[in-house]
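Given the coordinates of chain A, work out where chain B should sit on it, guided by the hints.
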Amino acid sequence: MNLPKIASISKKIVVACVGLFLLVFLLVHMGINLCLLRPDGGAWYIAASNFMGTNYIIKVFEVVLFAALIAHIIITVALQIQNWKARPVRYHQPSKSKTSTASKTMIWTGGLVFVFLVLHFVNFYFVKMGLVEGKYMIQTEELFSTELQNEYMAATQGKLSEEEVALFQSKMEKVNAIAVKAEAEGLSSNDMKWIMNLSAEDVKPLEGIVEGVEPDFYNMSYELFGNKVYSIIYLLLFVALAFHLIHAMQSAFQTLGLNHNKYNKFIEGFSWIYAIIIVLGFATVPVYIMCFV
Amino acid sequence: MNFTLKIWRQENAKAKGRFETYKVENISSDCSFLEMLDILNESLISNKIAHPVCFDNDCREGICGMCGLYINGRPHGNDDGVTTCQLHMRKFKDGETIWIEPWRAKAFPVIRDLVVDRTAYDKIIQAGGYVSVSTGGVPDANSILIAKDKADKAMDAAECIGCGACVAACKNASAMLFVSAKVSHLALLPQGKVEAANRVQKMVEKMDELGFGNCTNTYACEAECPKLIKRSNIARLNREWICARVGKEK
Numbered sequence: 000m001n002l003p004k005i006a007s008i009s010k011k012i013v014v015a016c017v018g019l020f021l022l023v024f025l026l027v028h029m030g031i032n033l034c035l036l037r038p039d040g041g042a043w044y045i046a047a048s049n050f051m052g053t054n055y056i057i058k059v060f061e062v063v064l065f066a067a068l069i070a071h072i073i074i075t076v077a078l079q080i081q082n083w084k085a086r087p088v089r090y091h092q093p094s095k096s097k098t099s100t101a102s103k104t105m106i107w108t109g110g111l112v113f114v115f116l117v118l119h120f121v122n123f124y125f126v127k128m129g130l131v132e133g134k135y136m137i138q139t140e141e142l143f144s145t146e147l148q149n150e151y152m153a154a155t156q157g158k159l160s161e162e163e164v165a166l167f168q169s170k171m172e173k174v175n176a177i178a179v180k181a182e183a184e185g186l187s188s189n190d191m192k193w194i195m196n197l198s199a200e201d202v203k204p205l206e207g208i209v210e211g212v213e214p215d216f217y218n219m220s221y222e223l224f225g226n227k228v229y230s231i232i233y234l235l236l237f238v239a240l241a242f243h244l245i246h247a248m249q250s251a252f253q254t255l256g257l258n259h260n261k262y263n264k265f266i267e268g269f270s271w272i273y274a275i276i277i278v279l280g281f282a283t284v285p286v287y288i289m290c291f292v
Numbered sequence: 000m001n002f003t004l005k006i007w008r009q010e011n012a013k014a015k016g017r018f019e020t021y022k023v024e025n026i027s028s029d030c031s032f033l034e035m036l037d038i039l040n041e042s043l044i045s046n047k048i049a050h051p052v053c054f055d056n057d058c059r060e061g062i063c064g065m066c067g068l069y070i071n072g073r074p075h076g077n078d079d080g081v082t083t084c085q086l087h088m089r090k091f092k093d094g095e096t097i098w099i100e101p102w103r104a105k106a107f108p109v110i111r112d113l114v115v116d117r118t119a120y121d122k123i124i125q126a127g128g129y130v131s132v133s134t135g136g137v138p139d140a141n142s143i144l145i146a147k148d149k150a151d152k153a154m155d156a157a158e159c160i161g162c163g164a165c166v167a168a169c170k171n172a173s174a175m176l177f178v179s180a181k182v183s184h185l186a187l188l189p190q191g192k193v194e195a196a197n198r199v200q201k202m203v204e205k206m207d208e209l210g211f212g213n214c215t216n217t218y219a220c221e222a223e224c225p226k227l228i229k230r231s232n233i234a235r236l237n238r239e240w241i242c243a244r245v246g247k248e249k
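These protein sequences, in sequence, are chains A and B.
Take 0 as the starting number for the first sequence in numbering that gives the first Met the number 0 and just add one per residue.
Take 0 as the starting number for the second sequence in numbering that gives the first Met the number 0 and just add one per residue.
Same shape as in the complex, but just chain B:
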């Protein structure tokens, strides 16, 4: 398969970026999107055309949350429930022009080309997205009883890999789906419930402070989440917030 790529190139955080056009040929339809970019980079290096295109990636099996490109108007490209590394070139038409952009958000500044700084997510987690007691060794099974539906919901929320596609997709660059997933998976479980009220307030406060937008319930995040995190988590976040504020002790 042959493609025309329009790729965002930007030397560093302060440089002015622009789109560059590259052509790639003889790409296998079973090639993943990142492998296709590897092929492009190899040709850029061997033919001394340009500096290779920078993009984030790590596990390449859809679980690390490192990769993330805005491809033809969709985070992680034109497939549902997959990360960019799990997107295959068979999802594109032969000869197609593909626009590749980095995540765009004030809280995710571009570092170089397609790589953005997602430290903001770490800061939100640091604000309270954890259980603060040491949990020790593995406890005896069934020593803490957890209802099946609660465990399922917590596990679904915990699937979030923090890739940032929700922010990238949201017209407001809101991080509500990410924060709600993190708040939910802890609040649903007995170990996390203890600190739930404090956690939700600190994480939301940090989210606001970092310059993410406000959720307007458009649900582009849900449509683009590679782990299919549901909007019901955002409602749970709102509930947790209301309960925390109403029941707040000073």
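One chain only, chain A, in its complex shape:
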């Protein structure tokens, strides 16, 4: 098979554009994460993540994001393999050329960011996909759904057979169990819209009865970052992200040909500031939860 030859610069332009898109994504993600710190019982955070989970434009961008991430990884790894092959015999003496550490370690810091992503996916995204058990929450008004209400009406009017009544009663028992648990343990959110912090065992019986069971990322985050070892691993991987980002933006500008004596210092400075803001923003959440909760 003859693959069309793609020029090195074309590949790099794709990596740069995708990288800039990922930088913007990180800012949005960080903004939502910071909502976790509001002392509102998660109202803002739930509203934001609910918007991200349901909005159709966001759903389209979710696909774009994954495609972008995969393209970024595949192309950079392919380029890196070519780069290693371009020097089959290495120097005996380590390079003493004046270069930045961040720029020389992109593939390694990128690898660490990938490790972080795997960890992050197992902890959060896989729960959403139902691959891993986490904590769950239910919209309060969904608990006693219209369907159940109709069944209730039918039952009181004697329109149901004995078997159907028995089935309805078993459903109601399960729903009641959650309502009772929520009341007893204070699981309702401040605005009473959600019943939160439910385990997989709590939610399992509700399958097919209650719609709108969603992963409770709010309580999952608090539990996860309450674990010090885990938080520290997260923070260490953020250091790798910081190194990756410091070089990322200025490098993308250079690859896109956006280099100008007047603006180079600004671009370099902005890359640093952006990287620091992103990483500090993300790091604030585990640090806060680890130290103050």
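Just so you know, the hints here were simulated from the structure itself, not pulled from any lab data.
All figures in this text were calculated on a predicted structure; none of them were measured in a lab.
Be aware that one or more of the hints could be misleading.
SDA-like mimics (lysine to any residue), calculated; alpha carbons at most 20 Å apart, straight line [as the list claims (entries may be wrong)]: (1) B:Lys-205 with A:Leu-78; (2) B:Lys-205 with A:Trp-83; (3) A:Lys-261 with B:Asp-155; (4) A:Lys-173 with A:Thr-145; (5) A:Lys-127 with A:Phe-115; (6) B:Lys-170 with A:Gln-79; (7) B:Lys-201 with A:Ser-9; (8) B:Lys-170 with A:Trp-107; (9) B:Lys-170 with A:Ile-106; (10) A:Lys-97 with B:Lys-105; (11) A:Lys-4 with B:Asn-197; (12) B:Lys-47 with B:Glu-19; (13) B:Lys-205 with A:Ala-77; (14) B:Lys-13 with A:Val-88; (15) A:Lys-95 with B:His-87; (16) B:Lys-170 with A:Thr-98; (17) B:Lys-149 with A:Asn-260; (18) A:Lys-97 with B:Glu-221; (19) B:Lys-226 with B:Arg-59; (20) A:Lys-95 with B:Asp-79; (21) A:Lys-203 with A:Met-171; (22) A:Lys-84 with B:Lys-15; (23) A:Lys-264 with B:Glu-221; (24) B:Lys-92 with B:Asp-78; (25) B:Lys-170 with A:Ser-102; (26) A:Lys-10 with B:Lys-201; (27) B:Lys-226 with A:Asn-260; (28) B:Lys-152 with A:Asn-263; (29) B:Lys-105 with A:Val-88; (30) A:Lys-4 with B:Arg-244; (31) B:Lys-205 with A:Ile-5; (32) B:Lys-13 with A:Pro-87; (33) A:Lys-95 with B:Lys-5; (34) A:Lys-4 with B:Val-245; (35) A:Lys-58 with A:Phe-24; (36) B:Lys-147 with A:Asn-260; (37) A:Lys-95 with B:Lys-226; (38) B:Lys-105 with A:Pro-93; (39) B:Lys-152 with A:Asn-260.
Relative to chain A, chain B alone:
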């Protein structure tokens, strides 16, 4: 001054190389690096110790681009903006051990000892690094107007002597600084602009084909270029590439 030299010796392109240790004594601090190697070679020949160490050189005044050694982890050694022939022994400490290696890149195979084959650069130039019309005699001054800043930038880029230090320094053995200098100095001038779009594509295609690595914007090339060619040329190359691709007619 006295030095211990660890020099890469390799009989031919296929032979397995190794480092050999030689000692040189009573070297003047004003000696250039290549003169120091000449002294070593004379002693190797007269004392019948070994075959003299092969290394490339020509003008010995820093403008031909022939010399180029990887000295103690830096192409052209521990000084900025100079070629190996313009590097003086005063830049080293007395008694220092100096590691001397050839350029290392797949596209620059070692021919013997410290001499590498840089034909790859010629091939890139042959792919399009020229103006294809005969320019004739010297035109009347000011018959083609060129802005001062453009002329300066073109001249800065044209300073490239094609020594290969950028490839040698780059962790990816990328030739982007060389190609960008050649693309820039022509694209900036009216005579070269006509063929700019075609040129950049052909030269980049050839560069990829020859097995150079990909630029990761680390800028070791800029740090080591004996002619101080700037990274802004690489950005210009990228711009030229994008414009050529976007505006490409088939």
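Do the hints match the structure? See the list:
Taken as a hint, the Lys-205 of chain B and Leu-78 of chain A pair is honoured in the structure, with Cα atoms around 17 Å apart against an allowance of 20 Å. For the suggested pair Lys-205 of chain B and Trp-83 of chain A, the alpha carbons sit about 19 Å apart, so the restraint of at most 20 Å is met. Only pairs whose Cα atoms come within 20 Å are accepted, and Lys-261 of chain A paired with Asp-155 of chain B is accepted, the gap being roughly 18 Å. The straight-line distance between the Cα atoms of Lys-173 of chain A and Thr-145 of chain A is roughly 16 Å, inside the 20 Å bound, and the hint therefore holds.
Proximity of Lys-127 of chain A to Phe-115 of chain A is assessed by CA-CA distance (about 18 Å); at most 20 Å being required, the pair is judged to hold. Between Lys-170 of chain B and Gln-79 of chain A the alpha-carbon distance is near 10 Å, which keeps this suggested pair within the 20 Å criterion. Taken as a hint, the Lys-201 of chain B and Ser-9 of chain A pair is honoured in the structure, with Cα atoms around 14 Å apart against an allowance of 20 Å. For the suggested pair Lys-170 of chain B and Trp-107 of chain A, the alpha carbons sit about 14 Å apart, so the restraint of at most 20 Å is met.
Restraint check for Lys-170 of chain B and Ile-106 of chain A: satisfied, since their Cα atoms lie roughly 12 Å apart, inside the 20 Å limit. Using a Cα cut-off of 20 Å, the hinted pair Lys-97 of chain A and Lys-105 of chain B is violated, with the two alpha carbons roughly 23 Å apart. Taking the CA atoms of Lys-4 of chain A and Asn-197 of chain B, the gap is about 17 Å. The hint holds against a cut of 20 Å. The hinted pair formed by Lys-47 of chain B and Glu-19 of chain B meets the criterion: a straight-line CA distance of about 15 Å does not exceed 20 Å.
For the hint linking Lys-205 of chain B to Ala-77 of chain A, the alpha-carbon distance of about 19 Å falls within 20 Å, and the restraint holds. A C-alpha spacing of about 13 Å is found between Lys-13 of chain B and Val-88 of chain A, which places the hinted pair at or below 20 Å, so the restraint holds. The straight-line distance between the Cα atoms of Lys-95 of chain A and His-87 of chain B is roughly 18 Å, inside the 20 Å bound, and the hint therefore holds. In summary, the hint linking Lys-170 of chain B to Thr-98 of chain A is supported, as the alpha carbons are separated by about 10 Å, within the 20 Å threshold.
This hinted pair checks out: Lys-149 of chain B and Asn-260 of chain A have alpha carbons roughly 14 Å apart, not beyond 20 Å. Between the alpha carbons of Lys-97 of chain A and Glu-221 of chain B the distance comes to roughly 9 Å, so the proposed pair stays at or under 20 Å and holds. Between the alpha carbons of Lys-226 of chain B and Arg-59 of chain B the distance comes to roughly 15 Å, so the proposed pair stays at or under 20 Å and holds. For the proposed pair Lys-95 of chain A and Asp-79 of chain B, the alpha carbon gap of about 12 Å is at most 20 Å, so the pair holds.
For the hint pairing Lys-203 of chain A with Met-171 of chain A, the CA-to-CA distance comes to about 14 Å; that is within 20 Å, so the pair holds. Distance check on the hinted pair: Lys-84 of chain A and Lys-15 of chain B sit about 19 Å apart at the alpha-carbon level, within 20 Å; holds. A hinted pair counts as satisfied when its Cα atoms are at most 20 Å apart, and Lys-264 of chain A with Glu-221 of chain B qualifies at roughly 16 Å. Between the alpha carbons of Lys-92 of chain B and Asp-78 of chain B the distance comes to roughly 13 Å, so the proposed pair stays at or under 20 Å and holds.
With a CA separation close to 11 Å, the supplied pair Lys-170 of chain B and Ser-102 of chain A stays within the 20 Å bound. Taking the CA atoms of Lys-10 of chain A and Lys-201 of chain B, the gap is about 16 Å. The hint holds against a cut of 20 Å. Of the pairs offered as hints, the one joining Lys-226 of chain B and Asn-260 of chain A holds, with about 19 Å between alpha carbons and a cut-off of 20 Å not exceeded. A hinted pair counts as satisfied when its Cα atoms are at most 20 Å apart, and Lys-152 of chain B with Asn-263 of chain A qualifies at roughly 17 Å.
At most 20 Å may separate the alpha-carbon atoms for a hinted pair to count; Lys-105 of chain B and Val-88 of chain A meet this at roughly 8 Å. With a C-alpha separation of about 14 Å, the suggested pairing of Lys-4 of chain A with Arg-244 of chain B holds against the 20 Å cut-off. For a cut-off of 20 Å, the pair hint linking Lys-205 of chain B to Ile-5 of chain A stands: about 12 Å separates their Cα positions. At roughly 14 Å between alpha-carbon atoms, Lys-13 of chain B and Pro-87 of chain A fall within 20 Å of each other, so this suggested pair holds.
The hinted pair formed by Lys-95 of chain A and Lys-5 of chain B meets the criterion: a straight-line CA distance of about 17 Å does not exceed 20 Å. Distance check on the hinted pair: Lys-4 of chain A and Val-245 of chain B sit about 17 Å apart at the alpha-carbon level, within 20 Å; holds. For the hint pairing Lys-58 of chain A with Phe-24 of chain A, the CA-to-CA distance comes to about 13 Å; that is within 20 Å, so the pair holds. A distance of roughly 16 Å separates the Cα atoms of Lys-147 of chain B and Asn-260 of chain A; the hinted pair therefore holds under the 20 Å criterion.
This hinted pair checks out: Lys-95 of chain A and Lys-226 of chain B have alpha carbons roughly 18 Å apart, not beyond 20 Å. At most 20 Å may separate the alpha-carbon atoms for a hinted pair to count; Lys-105 of chain B and Pro-93 of chain A meet this at roughly 18 Å. Among the hinted pairs, Lys-152 of chain B with Asn-260 of chain A is consistent with the structure: their alpha-carbon atoms are about 12 Å apart, no more than 20 Å.
The structure is inconsistent with hint 10 alone, although it conforms to all the rest.
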